[in-house]
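For the record, the sequence lines run as chains A and B.
Here numbering that gives the first Met the number 0 is used: position 50 in the first sequence is 49, and no number is missing along the way.
Here numbering that gives the first Met the number 0 is used: position 143 in the second sequence is 142, and no number is missing along the way.
Among the hints, erroneous ones may be present.
[Claimed, not checked] Derived list of chain A stretches under chain B, where covered just means 3 residues or more per stretch with a C-beta under 8 Å from a C-beta of chain B: (1) 1-14; (2) 35-42; (3) 49-55; (4) 60-69; (5) 82-90; (6) 115-129.
Since the hints were made in silico from the structure, they are not lab data.
Beta carbons are placed, not taken as given, at the ideal position from N, Cα and C, and that holds for glycine.
Residue-level listing of the chains:
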Amino acid sequence: MTTITFTVNNESRTIEAPPMKRLLDVLREDLHLTGAKEGCGEGECGSCSVLMNGELVNSCLVSALQAEGAAITTIEGIAVGQKLHPIQQCFLEKGGAQCGICTPGMILATHHLLEKYPQPTLLQIQEGLAGNLCRCTGYTRIFDAVQAAANQPGKP
Amino acid sequence: MSEPTQPGPLFTVGSSPLRKEGVAKVMGQAKYVDDITLPDMWFGATVRSTIARGRIVSITFDPAIPWHEFTIVTAADIPGENTIVHLTKDHLCLAETHVNHPNEPILLLAHPDRAVLPAAVAGVQITYEELPGVFTIEESEAPDAPAIWEPAPEDALHSQEKNVFKTYLMESGEAASLETIFANAAYIVEGEYRTGAQEQLYIENNGVIAEAFRAEDGSLESVKVQGAMQCPYYLVHALELVFKLPEEKCRVIQTETGGAFGGKEDFPSVIGSHAALLALKSGHPVKICYDRAEDMAGTTKRHPSRSRHRTAVSKDGKILGGEIDFALDGGAYVTLTPVVLSRGTIHAPGPYHWPALRVRAKAMATNLPPHGAFRGFGAPQSIFGTERHMDKIARVVGITPEEMRRRNLLAVGDRTATGQIIHDTVDMQQMLTRALTESGYHAKREEFARTNPTSTIKRGVGFATFLHGAGFTGSGERRLNSLVKMIVDAKTGNPHILVSSTEFGQGTNTILCQVAAEVLGIPYDEVFITQPDTKIVPNSGPTVASRTAMIVGKLVEQTAIKILAALQPYGYEIGNTFEQFKKAAIAYGIEHGDVNVEARYQSPGDIFWDDEAYRGEAYPAYAWAVYVAEVAVDTSTYSATCTDFYALQEVGKVLHPVLAKGQIEGGVAQGIGYALYEKCVWQRGHMANNQMTNYIMPTSADLPPLHVAFEEIPSIHGPFGAKGIGELPMDGPAPAILNAIEAATGIAFTEVPLLPEDIFERMTANGNTGGSEDLNPSIDRDTRVESVA
């Protein structure tokens with residue numbers, strides 16, 4: 000077991016975990032933040048996406064040890080209290096969430112994308128979200144949600 | 000029939016209110032089964048067969064593993080019957096003496112620490128005496144094939160032939176005169192078309208948590224399973240047999256479900272029974288959540304198919320008669336295969352008029368894991384063959400694919416192949432015109448004819464015309480006898496809808512609340528839907544077959560009408576405010592308590608279906624569609640890409656435009672995957688590419704612009720005129736895309752999925768290879784094309 004100290008959603012956390020425990024499991028099991036989902040366990044589907052020092056990572060491919068000292072943002076850290084973040088609001092209004100299992104990762108990927116490209120082109124959106132699989136929507140409503148969010152004040 | 004839908008402007012039906020459970024989903028607060036932890040919960044795992052078919056000789060346990068820490072369940076621990084009941088009882092809950100497919104469950108393990116389970120599963124060594132297996136339809140139907148499946152002698156449901164799960168014979172029109180019709184036809188066009196298995200690939204794998212409760216004397220009292228599923232009552236019925244318990248002692252709760260597409264229709268009966276067996280023996284709640292590799296290798300997929308067409312055609316391209324042989328690979332056990340075969344059979348004729356038709360359908364056993372439900376349920380398979388074949392007939396006759404359709408499309412008042420009269424005032428001729436115009440089909444054809452000869456990128460445009468029946472086939476809805484309840488809370492005045500119909504992304508919660516709100520004349524936000532828990536909700540039937548909006552929605556409408564009638568004496572009528580509704584509910588409550596009403600499905604009097612002859616009203620209503628695909632085939636890399644997609648459909652009243660478009664776009668995306676990306680690679684019955692890394696579904700960068708358009712002709716069968724919509728979009732993309740690829744390349748590919756390596760083989764091969772027909776349609780070697788006129 001290793002002691003890991005890191006910041007999760009702006010809160011400093013210290014946990015005891017095997018050094019190679021997946022960040023995904025640390026978040027879900029140790030910190031009870033179940034918004035990040037396991038879809039494939041091999042970095043293909045992106046439903047475990049979180050932000051790590053501002054970069055979008057698959058938390059199933061990050062070990063606890065690698066998270067030492069890092070600043071992690073999960074879906075639970077995106078809304079302000081019960082008030083939805085503009086990206087969340089746009090996903091809700093545009094039909095960007097169907098079954099919802101990819102949605103937390105998709106919203107974090109969008110957050111990351113809009114940091115990089117505040118007014119993304121469709122191609123930038125398509126490429127920016129290509130690491131996050133959605134089986135329900137065919138992505139069209141998600142693109143709509145991202146474009147709507149890009150035009151919101153107060154984003155990302 | 001029920002009361003007619005009220006006239007007048009609608010205030011919530013037809014608009015797009017926010018998804019009921021949407022806020023929880025976008026906040027990451029929605030609780031899927033793997034997000035739930037119960038006190039003292041253990042974790043379960045499954046020991047599976049490593050071979051396709053054989054006798055179990057020995058089972059040994061690696062002494063390095065502390066087995067005393069584990070709970071181990073075998074078939075001997077099953078208190079009731081060792082079966083997962085669907086239509087028959089051939090499917091065992093746990094293998095006993097023999098295995099019939101790779102990854103068949105044999106033993107179950109549970110342990111408090113999830114992390115130790117993979118090593119324990121690997122520590123159970125099973126030896127087998129291997130028996131010969133069959134892995135394709137052809138191997139299964141070969142006269143000298145080993146008998147891998149035989150029906151119980153008393154089982155009337157099945158054919159008595161070796162390896163045959165089910166056959167249907169559907170004859171219509173002058174089928175008895177087919178020989179004469181063929182003898183006198185200007186053309187006889189034959190073709191063979193194949194489709195592969197497809198993985199549902201919901202992003203949330205199958206998972207459940209089970210609990211078993213004992214009475215004071217230690218005997219089993221009840222079981223409870225919660226998890227990802229489409230059909231809570233299917234699992235109830237499976238548990239009844241496995242645990243020898245009455246229905247009311249088997250409680251099932253659907254948790255938020257992360258995609259399903261049919262993959263959580265029948266399979267939860269397996270994993271739910273397994274977890275409950277471990278819970279019973281261990282004395283702990285037990286969670287089983289498969290990882291991706293186990294889910295892909297061990298659970299159901301879309302049935303592979305083969306369609307053989309032989310069509311008699313007149314000189315001017317009118318269908319005179321036809322024979323269609325439709326075959327499915329069912330996998331190792333019957334499960335839902337006869338029903339899938341049925342839908343495939345009925346959809347095989349497509350939206351065309353057949354003066355004479357004979358469809359022979361059969362489902363064969365193979366030593367693959369059982370194939371199961373997947374959006375479309377047999378129809379995408381048979382429609383693929385038919386729509387490819389229509390383009391072939393056009394080519395042989397020398398008319399355009401459009402003209403071929405125009406001369407044969409069904410019209411109002413015509414009869415379908417089952418003899419059903421088309422009552423909906425749908426005009427497929429006009430829909431075809433609209434679709435080809437709005438998609439720019441004709442202009443594109445001209446443009447590509449000009450540009451293709453000088454380009455290494457060959458572009459093409461193709462389309463498919465099709466229909467999809469909503470609701471259970473034939474007498475299915477009558478047998479389901481669905482029940483819906485609605486309760487108005489006498490304290491808050493809020494109506495609550497009680498159904499076993501589940502939400503897994505498609506919008507059940509939202510549309511049913513819209514329907515109730517519309518009838519009651521109160522805001523959508525004031526109507527609630529109860530989480531499906533079989534202790535609380537009635538059996539409104541399974542959430543399958545594009546039946547929820549139409550069938551269950553109609554029952555919700557009827558309960559709401561009863562609520563209105565109950566509250567009217569207490570001063571509420573349409574046009575009043577919610578405050579007045581609430582006041583009336585409270586006044587009613589003082590005298591009677593909550594308003595509590597129910598509505599049961601009643602078959603419309605004019606619907607008749609003959610299960611033996613396959614004649615009559617196959618479905619209460621059909622959705623109709625024309626899908627147009629544009630493709631680019633790169634002759635340097637041999638990759639085919641869908642570059643534009645247009646989908647026009649008539650689905651009755653669209654209850655919620657945003658959700659409806661989402662259904663079509665999502666279905667089209669799965670259809671594009673079915674056509675161009677998603678290939679299950681089988682090695683002796685084992686799915687070799689059981690990972691997202693090498694089973695490729697479309698990403699956001701792979702899909703073309705998806706243009707979705709609706710026509711709305713209200714149907715009397717659904718609430719406010721709605722029909723089914725969920726499965727329809729799966730049917731059209733694959734044939735439209737392959738028709739477009741033929742237009743682009745001149746190669747008539749006949750199989751999906753069509754991957755670059757398949758295109759490479761065909762384009763570089765000398766002579767003909769499997770999966771396509773000859774480059775030059777005028778020398779059609781594979782098919783007998785005769786001009787006898």
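Here is how each hint holds up against the structure:
1. 1-14: Not satisfied, violated; 0 residues make the cut.
2. 35-42: holds (count 7)
3. 49-55: Coverage by chain B is violated here, the residue count being 0 at a Cβ distance below 8 Å.
4. 60-69: violated (count 0)
5. 82-90: Since 4 is at least three, the answer is holds.
6. 115-129: With 5 residues closer than 8 Å to chain B, the stretch 115-129 of chain A meets the three-residue bar; holds.
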